[in-house]
Amino acid sequence: MEKLDDAPLPEEILARQETQLLVQEAMMELPSRHREALVLKYLENRRVSEIAGRLGQSEKAIESLLTRARQAFRQAFLKLLHTEKSE
Amino acid sequence: MKPESHRDIFEENLERLLQAAAGEQNAQFQERLVRAVRKEVGEQRRAVRRRLFLRGFPAAVAAAAVLALTWVLLNPKSESADWLQLMYGAVEIVDGDSSKLVMTSEPVRTGQSVRTLSGSKAQILMNDGSKLMVMPRTVLQITDGRRGSTFKLQEGTVSIEAAKQRRGRVLAIETPGARIRTLGTVFEVRLVKRPDGTRQTRVGVTSGMVELESGGDKVLLGAQTEGYAEEGRSPQRHLANADLDEMLRLLHKNAELAQQLGKKAGSPYLFEVQGAGTTAIWTAARLSDFRQAENGEYSLRLKSPASQARLFTLDGIEVPVRSQGRDLQIDGSAVSPALSTDTRLILELREVRGMLRVENGEVVRFTRPTGASDVITLLQFRLPGQASIEHIAPEPIEVNTTPNRMTITVAANVQGLEVWE
Numbered sequence: 001m002e003k004l005d006d007a008p009l010p011e012e013i014l015a016r017q018e019t020q021l022l023v024q025e026a027m028m029e030l031p032s033r034h035r036e037a038l039v040l041k042y043l044e045n046r047r048v049s050e051i052a053g054r055l056g057q058s059e060k061a062i063e064s065l066l067t068r069a070r071q072a073f074r075q076a077f078l079k080l081l082h083t084e085k086s087e
Numbered sequence: 088m089k090p091e092s093h094r095d096i097f098e099e100n101l102e103r104l105l106q107a108a109a110g111e112q113n114a115q116f117q118e119r120l121v122r123a124v125r126k127e128v129g130e131q132r133r134a135v136r137r138r139l140f141l142r143g144f145p146a147a148v149a150a151a152a153v154l155a156l157t158w159v160l161l162n163p164k165s166e167s168a169d170w171l172q173l174m175y176g177a178v179e180i181v182d183g184d185s186s187k188l189v190m191t192s193e194p195v196r197t198g199q200s201v202r203t204l205s206g207s208k209a210q211i212l213m214n215d216g217s218k219l220m221v222m223p224r225t226v227l228q229i230t231d232g233r234r235g236s237t238f239k240l241q242e243g244t245v246s247i248e249a250a251k252q253r254r255g256r257v258l259a260i261e262t263p264g265a266r267i268r269t270l271g272t273v274f275e276v277r278l279v280k281r282p283d284g285t286r287q288t289r290v291g292v293t294s295g296m297v298e299l300e301s302g303g304d305k306v307l308l309g310a311q312t313e314g315y316a317e318e319g320r321s322p323q324r325h326l327a328n329a330d331l332d333e334m335l336r337l338l339h340k341n342a343e344l345a346q347q348l349g350k351k352a353g354s355p356y357l358f359e360v361q362g363a364g365t366t367a368i369w370t371a372a373r374l375s376d377f378r379q380a381e382n383g384e385y386s387l388r389l390k391s392p393a394s395q396a397r398l399f400t401l402d403g404i405e406v407p408v409r410s411q412g413r414d415l416q417i418d419g420s421a422v423s424p425a426l427s428t429d430t431r432l433i434l435e436l437r438e439v440r441g442m443l444r445v446e447n448g449e450v451v452r453f454t455r456p457t458g459a460s461d462v463i464t465l466l467q468f469r470l471p472g473q474a475s476i477e478h479i480a481p482e483p484i485e486v487n488t489t490p491n492r493m494t495i496t497v498a499a500n501v502q503g504l505e506v507w508e
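Line by line, the protein sequences are chains A and B.
Quick note on this note's numbering: the first sequence kicks off at 1 and runs consecutively.
Quick note on this note's numbering: the second sequence kicks off at 88 and runs consecutively.
If you are wondering where the hints come from, they were derived from the structure by calculation, not from laboratory data.
It is possible that some hints are incorrect.
Unchecked claim - 30 Å max Cα-Cα, derived DSS-like pairs, lysine-lysine:
(1) B/305 x B/351
(2) B/351 x B/390
(3) B/351 x B/340
(4) B/305 x B/239
(5) B/305 x A/79
(6) A/60 x B/305
Unchecked claim - Only part of the chain B face toward chain A is listed, based on derived beta-carbon distances under 10 Å:
(7) 95
(8) 176
(9) 220
(10) 407
(11) 496
Please read these numbers as outputs of a predicted model, since none were measured by experiment.
C-beta atoms are modelled at their ideal positions from N, C-alpha and C, and glycine is treated no differently.
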């Protein structure tokens, strides 16, 4: 699961409660702006232009916010994963 | 820079991870979350105390601030007494044109709205101990209720665990077209938008009782019942128990039919053929049909013994009843003041012997008493699916056949069919 960008994650891993818990906790660790951007983009499936309109920013600024949010999520998620493993 | 394909796989995984995790929460996470929130609130308080100390606030001002804060927290009329706690996802507090994302928890007050995005959930912890779970894609506004807290559900679903309210105060939920009031209850309100633009309010009650009002009418919803309200129309009630629900329908239909024919409505009966020559019977009774003893106990003697008897109000609330052979008894204490002697009740009897006559183990005969031309009574018979009818009079008004069951309903002039003496 650590290699989030190598291959699509198997359904079996996604369905695990521990995975869902890690995702929820990783989301909680993110700055609220990042969290909102990820929810709007990947859960509400909004277009970048819509998110820009909603957050009152340019599309370019949203693209960059989403990039930072994705990276922040990756870091938070992997950090929690390692903490979980070492516990 | 990373190759484009890498970014795609990560994004796809991220999207799937988020969607998989956007479902229901588990208790372990909630517990960890609560601990984290408490820790953060504690740290914030310590930071505030340090600042106050360093700035050397005069003791009198500090004491006044503490007193004011205590008053605000303890006064139930305080506008900032409720807290919004983020469970997961993205949740906003909307105040007029501005909105604020909730990090962990925030105070919420009258006039503000709570908005949850997809896959997001939040909880409102009220000063009186009530909890409102704001489900994904919901907009809930906190409004000024003079007789207690009122929440306006503008979109989505909210689950309520209402604490017992102080005398004269109620916790109410308003939707377009309906109002729900409660006292110490667990229930859920869902606002459903139809394709034609109309909106329906659905209320499911887990425990306690709520009052649902729409179109100028009110119904009481007891535990395990559901209520539906269309904008501008009277509310409808459904019981979780299908047999009771069918009895409610028969009662309603019986009254309607009697009115059309200009006759009196009798108490409808539902007979279900059970094994070994016994019958399950549902009918309506009134508390006045019972004899009241000096010790406050109500009793009823059945014409035929039943192995089990249950009694329900039309709201689906079970009234505890003891049965022994032909005798049924209700404790006076079990009869709430709301239950008047004229209140209609539904009586369910199981394994009644002698009501339907069984010949040769398979032919069932039922002869109804006749002679009351001014009373119209609905009789419903539930027979095995493969049953055949030799003769029935009058003609059934409803016939419903499934592979396992044949249901026939007749409207007859009947008197003296009561199952009790």
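Checking one constraint from the list: CA of residue 305 of chain B to CA of residue 79 of chain A, max 30 Å. Satisfied? 55 Å, violated
Keeping to a limit of 30 Å between CA atoms, is the pair of residue 305 of chain B and residue 351 of chain B held or broken? Judged against 30 Å, a Cα distance of about 26 Å means the pair holds.
Is the straight-line distance between the alpha-carbon of residue 60 of chain A and that of residue 305 of chain B 30 Å or less? 54 Å, violated
Interface hint outcome for residue 220 of chain B [beta carbon to chain A under 10 Å]: Interface hint status for residue 220 of chain B: violated (16 Å vs cutoff 10 Å).
Grab the minimum C-beta distance from residue 496 of chain B to chain A and call the hint holds if it beats 10 Å, violated otherwise. 48 Å, violated
Going straight from one Cα to the other, do residue 351 of chain B and residue 390 of chain B come out at no more than 30 Å? OK: residue 351 of chain B and residue 390 of chain B at ~24 Å, within 30 Å.
Between residue 305 of chain B and residue 239 of chain B, does the CA-CA distance stay at or below 30 Å? Cα-Cα ~18 Å, so holds.
Tell me if the interface restraint on residue 407 of chain B is satisfied: Cβ within less than 10 Å of some Cβ in chain A. At about 40 Å, which exceeds the 10 Å cut-off, the nearest Cβ of chain A leaves the hint on residue 407 of chain B violated.
Grab the minimum C-beta distance from residue 95 of chain B to chain A and call the hint holds if it beats 10 Å, violated otherwise. 9 Å, holds
Just to be careful, I want the Cα atoms of residue 351 of chain B and residue 340 of chain B compared with a cutoff of 30 Å; is the pair within it? 13 Å, holds
Less than 10 Å between beta-carbons is the criterion; does residue 176 of chain B satisfy it with respect to chain A? 6 Å, holds
Hint check: violations occur at hints 5, 6, 9, 10, 11; the rest are consistent with the structure.
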